Amino acid sequence: MNRLLLNKIILLLSITSAVIGIGFLFWILITLAYKGIDSIHVTTFTNDLVNGGIRNLLVGQFTMALLATLIAVPLGMMAGIYLREYSGGGKLARVLRNLNDVMMSAPSIVIGVFVYAFMVAPFNTYNGWAGSAALAIMMIPIIVSTTDNMLSLVPQELREAGIALGGSKHKIIIQIVLRSAKIGITTGVLLSFARIIGETAPLLFTSANNQFFTMDMNEQFPSLTVSIYNLATYPDEQSRELAWAASFILTVIVLAINLLGRYATRSKKGK
Amino acid sequence: MEQNNMAMKVENLTFTYPGAAAVSLKSVTLPIERNKITALIGPSGCGKSTLLRCMNRIHDVYSGNKYEGKITLYTRSGEKQNVLELKKENELIALRQTVGMIFQKPTPFPMSIFDNVAYGLKLSGIKNKTELQGRVEKALKGAAIWEETKDRLNDSAMGLSGGQQQRLCIARAVALKPEVLLFDEPTSALDPISTGAIEELIAELKSEISVAIVTHNMQQASRLSDYTAFMYLGELIEFDKTETIFLNPANKMTEDYVTGRFG
Amino acid sequence: MTFKKVITAAVAVSFALTTVNADEIKGRGASFPGPVYQAWTSEYYNATKNQVNYTPTGSGDGISSVSKRMVDFGGTDSPLKSEILKKSKLYMFPSVIGSITLSYNIDGVKDGELKLSRAAIAAIFSGKASFWDDEVIAKDNAGLKLPHEPITVAVRADESGTTYNFTYFLNKIDPSFKVSKQPTWKASKLVAGKSNSGVAANIQQIKNSIGYIEYSYKIKLGLPAAQIENKEGKFIVPTIASFQDAAKYATWTPENDFYAVIGDPAGVTSYPIVAATFILLPQEKADTNKKTTAFFDWAFTSGDKAAEELGYVPLPASTKDQIRAYWENKKIK
Amino acid sequence: MNGKVFRRLSLLSATLTLFLLIGIFAILFTYAQQSIQAFGFDFLTIDQWETDEDGYGGVFGGWIPIIGTLLSTLIAMAVAIPLAMGIAIFLTEIAHSNLIRPVSVAIELLAAIPSIIYGMWGLFYFAPIIQELFGGNGVGLLTAGIVLAIMILPFMAAITKDAMNTTPGVLKESAYAMGATKFEVIKDVVMPYSKAGIIGSIILALGRALGETMAVAFLIGSVMSVAHKVTDSTISIPVLLANNFSEAQDLQLSSMYYLALILFVVSFAVISLAKFYFLRRGTK
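Chains as they are written, first to last, in my numbering: chain A, -1 to 269; chain B, 100 to 362; chain C, 12 to 344; chain D, 2 to 285.
Hints are computed from structural coordinates only; laboratory data are not their basis. The reader is advised that the hints may include incorrect statements.
Pulled a few chain D residues facing chain C out of the computed Cβ check, cut under 10 Å [what the hints assert, rightly or not]:
no.: 1; residue: Thr52
no.: 2; residue: Gly222
no.: 3; residue: Asp233
Bear in mind that the values here come from a model prediction, so they are computed numbers and not experimental data. All C-beta atoms in this analysis are idealised placements derived from N, C-alpha and C, irrespective of residue type, glycine included.
Generate the whole structure from the sequences, applying the supplied hints.
As structure tokens, this is what we get:
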């Protein structure tokens, strides 16, 4: 029977696509582990880029991502609180919510160009602040959307119970609503942190890169991802090895944070 | 010769859901008589829907179910087959076209009224336009919804009212000329007027089709059915003519249930 | 919220460290001298603890970065004419001499085996010869088995002095090539890489490809390079000796900020594609300029060995003295 | 903190994204002025990107990177759509319940891998295979398109899966009860039912593909010429920006901003279409 055969073929293709998807994941991870572990030495962690290590790059990348988190989390959470708790679900909220989603998908390179224009060009130097700002701009919409979604899961009765006890609205939000959405929001923060720490495009012309260890955010700032971009196309073995080592470490960090976030939500659901 | 009056026969059916520790049906034996309406009643979770869903193997849309026992289907042409032995997809498809099913909530497909009714026919291989039109019309008339829909056959079925949608679903099943129709609480989501129309329709259908109906509504069972089966905790407690079950049940539990003392 | 405490602590520490090492010179630009600058900055740092942060991005970036005053010095392989230097308020001096090789990736053809005549080079880079066994290439390589495979030409994606110097040479053999910091020709199969290393990586990666890269990249990677026909019609293997022979034909004077392109030099033993690379300084930044010149002064004194090991030709001693005088004259030493 | 202050602060934060969007548009538009005045709309069709000798002037047009962006995105979509549909179908209709979670986590992890890793892996491990199979340089439209497809796959599959999961089970069962095969149920019931969500996911992924930079930078070949075959190298807008933005000045720099503006406007339009039209959120 024709339609049965077609059915079988389509189902087989569907299974095949899942296998292809997972196949690519493992292909990439195995390649990375194989090349990466091979290329890691003790000096990879103790030396700075100028001497063939990534110490300054790791510190630089984390510093910029943490600063971005510090900017993005309060702003994004406040915005999420407005959308869910204060807007009353009106037209403004709908428009803002949709614009936020649009912002979440804005091309990262354009954000880099934008930040260059007002944080690099006027000061005539690539700098760490600009890198952090670009990452923060990428992060804010994600935090907004996470907060908004997580707050929507908090039962209305909880708010009503708080009001019935005579609490003022903002206190209830801070003391009750946010607290019960804590795990969800923390997970969202972790996942978006994992996302921005692996970004390259927004850093290319904002922080640029630095081969030396520095904490001076007014200067070109060391970046792990930008270094990978440069090193990967260097033709000599040492640079490429370093690029593989850095890529492996970056991927491990990103995936670990991701799985941690997933684990957090899961154990919450389990309760 | 008794077999001629039989449409389906469930014998010693034991059923387990995938991954479940306990069985959901325990050795159930139940006849579905030809051109009669058999009602399945019992408190929630007693297994009546589960039983119904065994009869056209709709359970098998999800894998991992375990059946034991036998369900025999006696076709009009005199053949008989054990429904539980079917394995191949085309056999299951043929079974489901012979043993149709109507669900708790109306389930119009996201397509036009005409296409909804023609859907099963097209699946069974009918491509001829005039034949399709004829059979769709006949089915809609049979489900007493033709007058309301004949001018809007190409409109989306989603626009119909709940009662109309349910009759459309019956028309859709009837169009395939099934031998048995399984109704799984077909009116529980409907208002009283629509419910009345559906009950009337089911009563008319039995001249051509054998019916098994799961219902929570005691009056519905007593009004509509010829036979009634009372189930409790996965077991068939009592099966008999409807009057007997409602007026003079043999089992104390059945009596308590039909008189509303528990359930 | 312990997470927040960690962040707060981290930021506090980073602010505290903010002022620790601001004493750093920044440069961006030409990737052609990238390897030697990297060796020099690393040795200079280990010797003096002074940081010179050079990012080899390309000459276009070097000129633009220093013109916009984003860096303390810029590197470029294509020298700027005096009027442009004046307009952008820049000083300029050469730092080291390098050469460009035509490196390839052809199965079975080893380093130095391929001979490319001036006509063959023109044909390859104009796209007229699109297969390796084309007559114009084959006729000088009777002993080689060249495959009937399409030629992939590896070029620079960014604006670069290497392209400038290479097109300068191409223009000398066929004036229809435009001298430019970007490749403007249309060979049939092109692939572009960012900076010298990008091009070299492409050559390594892609079979039957050929591209122009700085000699040190060839050495570091062991990429095969072709013998090239010079002005006198001789096929010359790229070696330090043949570069030094070519470098003798450079003429620099401080009057025009050392503007000179070595180009296609005369001499029977000269390798034909040799070029100097230059440093650009912003005139008004006297303080940082002094630090930059201190670095190059150190490099001129102690960096020749590192340069030669990497395949560069150090500037002649006389030229170095001229440059030191130029610095003193501009009060940036 | 005072309640009023808190409320105002939250409103201020909420409007931040609006100001950011306006800010980005305004800055790009302002800095692109020089190029807009020099080339106008012809910029879209000029197939040249050449600087003058002094590095200040020149002729700059967007045609080559615009076409490169569109073609690489097109290839990515052509590869990703069937794969994403397949994965979504697998996860909603086929997979055994024990398999659903690990498979969907694996697919989501595919989205977590930084794009630079895709680029590096693609250059060293995937490009040579493409060269072996299809000829060419290895780096080009096809390689970039396929890797791009793998990168957008998780987004498309996840949203499609969620959309498909909203199909009521009883609706599917009633189609099975009519004698439909699994594929027929998917084609006739599930897909039409979740159409808006599926189209939305496709457009959203399209938006991502348009703006993806790092992976494409490694894999598209970065040559300023239009590709005639899928294996040819070419360039896309984000890659041109990544490679050449920092070295550009004057008119060329302004033309870069012009390109960024075009990319921003196009992806804004595409994503808005997906969000406002197809993936409208119900008021939860």
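Can we keep the Asp233 (chain D) interface hint, with Cβ of chain C closer than 10 Å? Holds: closest Cβ of chain C sits about 8 Å from Asp233 (chain D), inside 10 Å.
Classify the hint on Thr52 (chain D) as holds or violated, based on whether any CB of chain C lies nearer than 10 Å to its CB. holds, 7 Å
Any CB of chain C closer than 10 Å to the CB of Gly222 (chain D)? Nearest chain C Cβ about 5 Å off; hint holds.
Violated hints for the displayed structure: none, as all numbered hints are satisfied.
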